[in-house]
Amino acid sequence: MSEKKDVVLEVDNLRIDIPVSAGLLHPVRGISFDVSRGETLCIVGESGCGKSLTSLAIMGLLPKNADRQADRLNFLGKDIRDFDERQMAKLRGVKMGMIFQEPMTSLNPSYTIGNQLEEVYLRHMSSNRLEARERAIFLLDKVGISSAGSRLGQYPHQLSGGLRQRVMIAMALMCGPDLIIADEPTTALDVTIQAQILHLLAELQSDFDMAMVLITHDLGIVARVADKVQVMYAGRTVEEGNCEAVFDKPLHPYTSGLLRCIPVPGKTQPGEKLGTVPGVVPNLVGDLNGCMFRNRCEFATDECKELAETPTVLENGHAYTCRLKPDEMEPSTGGRL
Amino acid sequence: MLAYTLKRIVVAFLILLVVSGLTFSLSHLSADPALTIAGEQASDEDIEAVRKLYGFDRPVIEQYVNWLSRALQGDFGKSYHYKAPVVEMISGRIGTTMTLGFLAIVFALVISIPLGTLAAMRPNSIIDRFALLIAVFGQALPTFWFALMMIILFGVWFRWLPISGNTTWAHFVMPTIALGYYATPALMRLTRAGMIEVLSSDYIRTAKAKGLSPVSVLFKHALRNAIIPVVALAAVWFGFMLGGSIVIETIFNLKGIGWLSYDALLRSDLPVVQAIVLIFASFYVILTLLSDLLNAYLDPRISVR
Amino acid sequence: MKNSSPFLRGRQTAEEILEPRPMAKLRRRVFKNHSFLIGAVILISIILIALLAPLFSPHDPYDQDLARRLMNPFWHDKKTNDLYLLGTDKVGRDYLSRLIYGAQISLLIGFLTILISGTIGTALGVVAGYFGGRVDMVVNFIINTRLAMPVFLVAMAAVVAFGASLHVVIMVLGLFLWDRFAVVMRSITMQARDLDYVKAARAIGCSTPYIIIREIFPNVLSSLTVVATVEMANAILLEAALSFLGFGVQAPTPSWGLMLNEGREYMFFSPWLLALPGTGLFLLVLAINLFGDGLRDVTLERER
Amino acid sequence: MKLKLGISFVTAAGIALMSSVAQSAPDDNSLVIAWGSTGPIEHVDNYVNTNRTGIWFSRMVWDQLIYREPKTFEYKPLLAKSWKALSDTVWRFELRQGVKFHNGEAFDADDVVYTLNWVSNPKNGVKVQRNVNWIKEARKVGPFTVDVEMKRPFPQAFEFLSGPITIYPNEYYAKVGPDGMHKAPVGTGPMKVVSIKTAEEYVFEKNKGYTWGSPKGEAQVDKMIVREIADVQTQIAELLAGGIDITADISADHVTQIGGVPGFTALQAGTMRTGYIGFDAAGRGNHEPVTKLKVRQAMAHAIDRKSLVKNLIRGDAGVIHTPCFPTQFGCDVSAAVKYEFDQGKAKKLLAEAGYPNGFDIDFYTFRPADWAESVMGDLAKVGIKAKLTKMPYFALRDKQRKEGTTPMFLMDWGSYSMNDMSAITSHFFKKGPDDFALDDDVAKWLEAGDTNSDASVRKANYAKAIKKITGQVYWLPMFNHVRNYGYRKELKFIPYQDEIPRFWQYGWK
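Protein chains in written order, with our numbering: chain W, 15 to 351; chain L, 2 to 306; chain G, 2 to 305; chain C, 8 to 516.
If you are wondering where the hints come from, they were derived from the structure by calculation, not from laboratory data.
Computed from a predicted model, the values in this text were never measured in an experiment.
Note that the Cβ used here is the ideal one computed from N, Cα and C, for glycine as well.
Do not rely on the hints blindly, as some may be mistaken.
As the list claims (entries may be wrong) - The calculated label-pair distances, taken between Cβ atoms and stated as ranges, are:
| hint | chain 1 | residue 1 | chain 2 | residue 2 | range |
| --- | --- | --- | --- | --- | --- |
| 1 | G | L222 | W | F313 | 46 to 56 Å |
| 2 | W | D221 | G | L222 | 54 to 64 Å |
| 3 | G | K33 | W | D26 | 53 to 63 Å |
Unchecked claim - Covered by chain C, per the in silico footprint, the following chain L stretches (three or more residues, Cβ under 8 Å):
| hint | stretch |
| --- | --- |
| 4 | 115 to 123 |
| 5 | 147 to 156 |
| 6 | 241 to 254 |
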């Protein structure tokens with residue numbers, strides 16, 4: 015566990031409900047975590063597990079019909095649960111920045127890069143255009159964009175995807191936020207670019223001493239940058255803990271299934287079969303009972319249908335939600351790291 | 002951009018050429034201008050003389066080329082009926098039609114953009130349903146019928162508004178509403194659809210994540226992008242409205258070129274009809290050209306295409 | 002739809018998760034779509050009334066008698082209402098019967114017009130979209146030329162040239178209202194052309210007409226129907242406007258537009274003569290539009 | 008509220024529910040007139056215009072040499088004090104002294120000579136040549152004496168001199184020409200033009216100098232505004248809303264309706280405009296049935312003209328049996344062959360002609376469709392299925408002249424308000440472009456009647472023509488039209504049979 019010293023964000027039992035025609039959809043069903051300055055939390059899970067909604071919930075950007083509840087939602091020590099749109103708007107961009115998955119469409123095509131960068135700064139800092147411009151150039155330089163000054167006059171469509179994501183990162187950093195949330199920042203990019211961007215993010219995070227929440231489905235990324243890992247499945251945390259702990263000894267069948275899906279340099283033999291997690295994510299509408307992973311779990315028994323989803327916490331903070339005891343999972347299915 | 006503009010201009014000219022050719026042949030199918038010119042009491046010899054004098058005995062192609070070459074010099078001939086130069090007749094009346102068309106399109110935009118935007122911001126809300134109602138009703142309401150109903154109610158019954166003529170701004174209120182309402186549904190639907198799409202776009206999410214004020218998100222980031230197709234459509238509709246002005250001007254006794262074209266058709270006054278068709282077509286062509294160029298300016302991606 | 006929120010994009014929606022059978026899904030959508038339902042009900046009623054006009058109309062719509070001209074409708078004149086529920090017109094014809102037969106005329110004009118314009122527009126659009134390149138350029142030019150022509154004015158001129166009658170009005174409208182068909186068909190065909198199975202058909206050497214008819218046409222059918230409803234409404238309104246100005250169908254055809262033209266003389270004193278055909282026109286066009294809107298919602302969702 | 012309004016709106020029996028109009032004459036003693044349902048005055052210069060409203064306009068602004076009493080059709084002095092015939096072809100006019108044009112120019116022989124010589128010169132393009140082409144020359148004899156020489160004996164000369172031939176100021180007209188006259192007309196008449204907005208509005212004021220004893224009388228209002236309003240319904244709306252004081256374009260049904268609104272009066276005034284059904288008897292358009300006399304006779308018997316007149320035209324309109332209006336010179340009703348309404352006879356005639364089951368025919372008109380529909384209803388009863396084509400007047404006229412493919416047409420002719428049958432019958436039956444009979448005898452008799460100055464010779468020839476035209480049913484004369492006027496109750500309105508309202512004579516009670 016981290017030293018609880020400078021906690022930036024505390025989330026306790028975050029739930030999101032969305033009414034749909036078939037009933038009430040529960041995409042997020044009680045997520046808790048905290049993240050401190052200088053720390054990177056990775057939220058991992060496959061599509062539809064609620065990880066992106068979690069990030070939007072923190073930013074206050076959920077769709078209007080979504081209902082957000084939490085036992086605690088503290089940001090920089092302040093309870094932001096009841097913040098209205100105006101109050102949230104004062105936090106966003108200045109105290110918390112966000113980087114999205116799709117750099118190709120996340121920039122407004124009608125305005126220049128410079129305009130879009132400067133407007134954050136002008137909005138939140140009482141400053142003039144000149145300072146905003148200097149800050150923009152400084153940050154573009156910082157995110158590795160050459161000849162930053164001339165880039166300011168360019169429109170998004172004149173830039174490549176990688177460059178646009180760098181611009182997005184610069185934009186999130188314009189006001190020096192305390193928290194940065196990156197929602198699959200590299201998914202849409204070429205593999206070669208992915209590494210650069212990730213490296214850049216990690217570097218900037220330590221440079222600016224921010225807290226970072228990195229949302230991804232790519233465990234490879236997690237292994238490289240995370241301090242803490244949170245594995246989500248069907249709207250709940252199924253396993254969380256220090257990066258090393260989780261990777262060394264995954265305790266939830268889902269985590270171990272995910273880990274089997276990635277090749278590990280030096281450990282995965284050529285020709286060796288990579289694993290998969292068969293099946294699909296269950297329907298999250300209506301009243302839900304038991305372990306949601308049971309229909310895909312090789313260890314599932316009838317017991318799992320009734321199971322309360324309460325986590326088992328080990329002494330190092332490593333927690334998981336499964337009826338299995340820590341040693342019951344076959345060693346061969348996990349722990350290859 | 003320059004090449005794009007030039008290409009568009011050449012195409013525009015070609016279109017006008019074809020339109021003028023079609024109109025010319027159509028109108029010469031319809032009537033024997035010699036009869037119209039010669040008048041009520043003319044004898045056969047008079048008619049024959051007129052035919053020779055005006056060259057109506059020549060092949061249509063030759064007549065067309067002659068007409069076109071004079072039209073290009075700004076001479077559309079003389080009205081068969083009123084004996085006045087067509088250019089003079091039209092220039093004295095076009096102002097009324099332009100005023101009406103302009104007011105109507107402004108009215109349509111003033112109604113449809115805010116309403117479409119509000120509807121898009123709150124889909125399925127009361128205001129969205131109200132907007133939909135206006136759109137659905139507007140599309141189904143025959144313009145002339147709507148105009149007559151307004152005359153009965155606001156002109157005769159309540160006497161709030163003057164019924165005919167063009168002397169004061171009040172005279173334009175009913176014609177503007179009648180004509181503008183006709184364009185409102187299309188513009189509003191497009192605003193709404195565009196706004197919904199834009200509001201759900203990633204860059205609006207980015208703008209919100211940047212903590213921009215809702216006003217800035219809406220006006221700076223959303224509206225500008227959503228409005229691009231609306232501007233294009235409004236230009237097209239302005240062209241349609243000139244056509245719609247025929248009925249409206251006749252009902253409200255606005256003596257613009259819409260009425261003039263109606264009057265000319267009743268009298269088989271071909272030079273006037275041809276000139277007005279060409280003017281309407283030019284308007285359409287020029288407006289679409291301008292709106293394309295404006296779009297290229299508003300949305301820098303277009304000129305690259 | 003609520004679940005079309007961007008923030009959920011790329012994730013499964015509840016409906017997709019529940020996944021009922023496609024037909025049941027379609028049925029549910031149809032019955033959930035109020036505008037589609039209302040439009041369909043009104044439209045079908047009007048079509049039925051038009052088809053069964055001889056059954057519904059109490060009198061021959063052409064049977065005239067000057068002695069009983071301009072009789073008042075039932076709410077004004079209790080004595081006459083047994084025979085002439087909505088009164089009579091200015092040559093003594095039963096107004097109700099003429100309204101009923103008027104539905105025939107409007108629908109006839111609407112259907113025949115879209116038949117002509119749909120054929121022209123679809124042919125041009127599909128050819129342009131399928132072949133692209135120069136063909137596309139030429140078709141585009143034709144479309145733009147057509148759009149540049151002021152429809153109403155040129156239609157009036159054409160009616161003057163060829164004489165006003167039902168055939169002429171239908172022909173003229175048919176020859177003018179194809180642009181939207183062409184534009185929509187062109188872009189859809191372009192998309193369809195690149196679909197895998199169309200490519201496959203081409204690869205195994207199917208002939209072009211075969212590909213267009215068998216592979217592309219079924220794809221564009223729903224869009225075609227939606228455009229058809231828009232143009233049908235358009236055609237009906239244009240005919241009404243032409244007839245209203247005296248450039249449309251000829252008396253004594255019971256066209257609603259012509260009835261408006263005739264009833265206008267009485268607009269201040271017997272407003273129902275104007276209000277009734279106007280309402281008929283309004284309802285028909287409203288129904289077609291609602292139906293078309295609903296159809297688009299229903300089918301587009303299916304395609305998604 | 009809204010719903011209630013809507014219901015009462017649809018169900019309202021009439022506009023009688025509306026607040027009624029201000030019940031007093033306007034403070035500035037002005038009169039606002041709406042006209043123009045047949046299109047605006049094409050050119051304000053009287054000689055370049057053919058529209059009826061142009062005639063109305065011309066009577067307000069200009070005077071003629073001779074005044075024709077509108078009730079008795081007697082000729083009285085106007086700008087000419089007296090006249091006498093010097094020969095078969097020369098008239099001498101003594102002119103009135105002390106008359107001034109609106110621009111101050113004094114009226115004298117020079118004005119008359121200039122006007123007559125200018126208009127009779129074909130080069131100057133007077134639109135209705137027939138009005139002026141009989142004039143050979145006008146000569147100044149003294150400062151107020153003029154001789155007018157005709158090309159040939161021309162018995163209708165006074166009809167023209169009292170009608171379409173208005174006298175222009177020579178100096179002004181020589182300077183500005185027709186276009187100047189169009190923009191700023193100058194005459195001697197009771198009303199003076201203040202401003203003109205072409206096809207929209209004409210503003211007049213009273214000619215204060217019109218005190219020389221003109222039989223036309225002084226203007227009763229100080230100011231007059233004429234608004235050209237194309238749509239009759241818009242005119243009525245303006246009338247009901249108080250925007251105008253009088254309209255002359257309404258229909259017979261409007262008369263009943265407007266007459267029922269408090270504060271308004273409406274009336275019908277018969278005119279000499281003669282409606283007729285023409286047949287392509289000469290076969291110009293190759294429609295066989297109508298070339299047969301028995302078919303035409305059958306149709307004449309099949310059509311119930313009385314019912315049509317009684318129900319649709321009303322007023323003092325009546326069935327007409329002559330191809331001219333009975334007050335017109337030479338229009339001898341006793342010479343006409345009359346056809347009573349008898350469908351049995353019609354069927355018999357049809358059977359004899361070889362059409363026992365009737366036939367299909369195209370029927371053309373430019374007038375309200377209900378008139379033609381009434382005719383069609385009658386024809387249908389004897390098996391003749393007429394298909395109506397209603398088209399604008401000009402298009403119909405051109406179609407007739409160009410193609411001749413109009414086997415049957417309901418049209419009418421106003422004779423330019425001239426009380427002489429040459430103005431109508433001679434126009435249609437002297438083998439001109441509008442002649443569908445092409446009968447040599449008729450043409451010959453009409454020519455003889457037109458060019459002889461002996462009244463009895465004229466009458467005899469015209470009677471022969473009438474007999475043949477009606478006997479052969481080249482035309483089936485229908486009825487004379489009425490003009491329908493709606494106006495504010497306080498207006499002193501006087502209708503005239505020649506279809507020319509004298510607006511300056513109408514004052515406020």
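These are the hints, each one checked on the structure:
For the pair L222 (chain G) and F313 (chain W), the beta carbons lie near 50 Å from each other, so the given range of 46 to 56 Å is met. In this structure the supplied range 54 to 64 Å holds for D221 (chain W) paired with L222 (chain G), their Cβ-Cβ distance being about 59 Å. Roughly 39 Å separates the CB atoms of K33 (chain G) and D26 (chain W), a value that falls outside the hinted 53 to 63 Å. Using a Cβ-Cβ cut-off of 8 Å, 0 residues of the stretch 115 to 123 of chain L lie near chain C, which falls short of the minimum of three, so the contact claim is violated.
For the stretch 147 to 156 of chain L, the stated coverage by chain C is satisfied: 5 residues place a CB nearer than 8 Å to a CB of that chain, which reaches the threshold of 3. Closer than 8 Å: that is the beta-carbon criterion, and the stretch 241 to 254 of chain L has 4 residues meeting it against chain C, so the requirement of 3 holds.
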